[in-house]
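Q: So you can see what is in the structure, the chains are spelled out below.
There are 2 protein chains.
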Amino acid sequence: MSYGYNPYAQQGGGAGGNFNEGYSAPPGAYPPQNAQISPEAQRWFSMVDRDRSGKINAEELQRALINGRGENFSDTSCKLMISMFDNDASGTIDVYEFEKLYNYINQWLQVFKTYDRDNSGHIDESELSQAFIQMGFRFSPEFIQFLVKKNDPRNQKEVSVDQFIVVCVQIQRFTEAFRQRDTQQNGIISIGFEDFLTVALGCSI
Amino acid sequence: MSYGYNPYAQQGGGAGGNFNEGYSAPPGAYPPQNAQISPEAQRWFSMVDRDRSGKINAEELQRALINGRGENFSDTSCKLMISMFDNDASGTIDVYEFEKLYNYINQWLQVFKTYDRDNSGHIDESELSQAFIQMGFRFSPEFIQFLVKKNDPRNQKEVSVDQFIVVCVQIQRFTEAFRQRDTQQNGIISIGFEDFLTVALGCSI
Numbered sequence: 001m002s003y004g005y006n007p008y009a010q011q012g013g014g015a016g017g018n019f020n021e022g023y024s025a026p027p028g029a030y031p032p033q034n035a036q037i038s039p040e041a042q043r044w045f046s047m048v049d050r051d052r053s054g055k056i057n058a059e060e061l062q063r064a065l066i067n068g069r070g071e072n073f074s075d076t077s078c079k080l081m082i083s084m085f086d087n088d089a090s091g092t093i094d095v096y097e098f099e100k101l102y103n104y105i106n107q108w109l110q111v112f113k114t115y116d117r118d119n120s121g122h123i124d125e126s127e128l129s130q131a132f133i134q135m136g137f138r139f140s141p142e143f144i145q146f147l148v149k150k151n152d153p154r155n156q157k158e159v160s161v162d163q164f165i166v167v168c169v170q171i172q173r174f175t176e177a178f179r180q181r182d183t184q185q186n187g188i189i190s191i192g193f194e195d196f197l198t199v200a201l202g203c204s205i
Numbered sequence: 001m002s003y004g005y006n007p008y009a010q011q012g013g014g015a016g017g018n019f020n021e022g023y024s025a026p027p028g029a030y031p032p033q034n035a036q037i038s039p040e041a042q043r044w045f046s047m048v049d050r051d052r053s054g055k056i057n058a059e060e061l062q063r064a065l066i067n068g069r070g071e072n073f074s075d076t077s078c079k080l081m082i083s084m085f086d087n088d089a090s091g092t093i094d095v096y097e098f099e100k101l102y103n104y105i106n107q108w109l110q111v112f113k114t115y116d117r118d119n120s121g122h123i124d125e126s127e128l129s130q131a132f133i134q135m136g137f138r139f140s141p142e143f144i145q146f147l148v149k150k151n152d153p154r155n156q157k158e159v160s161v162d163q164f165i166v167v168c169v170q171i172q173r174f175t176e177a178f179r180q181r182d183t184q185q186n187g188i189i190s191i192g193f194e195d196f197l198t199v200a201l202g203c204s205i
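Going line by line, the protein sequences match chains A and B.
Under full-length UniProt numbering, the first residue of the first sequence is numbered 1, with each subsequent residue one higher.
Under full-length UniProt numbering, the first residue of the second sequence is numbered 1, with each subsequent residue one higher.
Chain A with its partners taken away, still in its complex shape:
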């Protein structure tokens, strides 16, 4: 059994979602605070930071991110992404942290686009299965169905880019925890109750 994980192994062009181009820019933009911040990330930061606090929270990020269905990214995905780059647990990120997040999101958009072979803006079971195979996972059809159903409980057919990011980050975290305990590398672990709870709760989003 393989569970290697490299979401950036195959990257294409384009995007299955976008920073919201329809969002109107504020009158000015912050002057660059550091030559290392790319002008593009700086420009986006200025637009996303609607209250001009110099910090971006999950709500501001959510307003700026639109998936391939024309919907804002989910609460869960925005909180997850902020938390991944929010080093001081303040619930916000500054422009330096934002640049890393900006690059991270763009990498995911490229990955998603690669798997969205019919350019529908979302991926179906077949495309999701292919995506995981490319990442080194061989999941059963039942597990793929479970993943899609969990993320799309009403329609049970498609996964949008924000849902895709959440699923992949969750699987990445659980896989890492599993791998650490799979000392014989045979895809089966023995795990005690409290350790099981620690992994299950600790890796949950």
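If you are wondering where the hints come from, they were derived from the structure by calculation, not from laboratory data.
It does not matter which identical chain is used: a pair holds within one copy or between any two.
Result set (DSBU-like, lysine-lysine): computed pairs, CA atoms no more than 35 Å apart in a straight line:
| id | residue 1 | residue 2 |
| --- | --- | --- |
| 1 | Lys100 | Lys150 |
| 2 | Lys150 | Lys55 |
| 3 | Lys100 | Lys55 |
Please build the complex by placing chain B on the supplied structure of chain A, with the hints as guidance.
A: For chain B alone, coordinates are given in the frame of chain A:
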């Protein structure tokens, strides 16, 4: 090792949180649609259903629920509770589903109050540890610290009633999944990668 789970084993009076009494009632109240709905649940439903759609969603529930710190219940807790009683996956509950939720929340408030021995409106590590012992769990101090830190990442000291509900429901779900696989009842399971992911993702909130 024991992991029996009965959150309602010990119930006290009072509440560590409240439906928001400060919330102003709408001009009228719905006439009872069914004699089986208690007048109290009907009255609360009418107040919580701000847009008078006949359905309550997580946002409406959140506006009505205040924890012992004077804060609205978290997004996560409200979405969790709606989802537990939302049989058609619509994201909303009707008055019949609401009555069950109303009773469920009141039971949790009573349980929480029992463990909040100093009536602070939140429970600390020591009180949380006692709560789990009463529920039949014997967790290590490290695990209790982990639970508190996960729920209160900035202060790492206290758990509010909405956080308590989420933690208990999560542990309840993971315990049930663990127990099903613990065929020898010795507190250790062997689990394969895909089953592990299914449990971890399926029981996550």
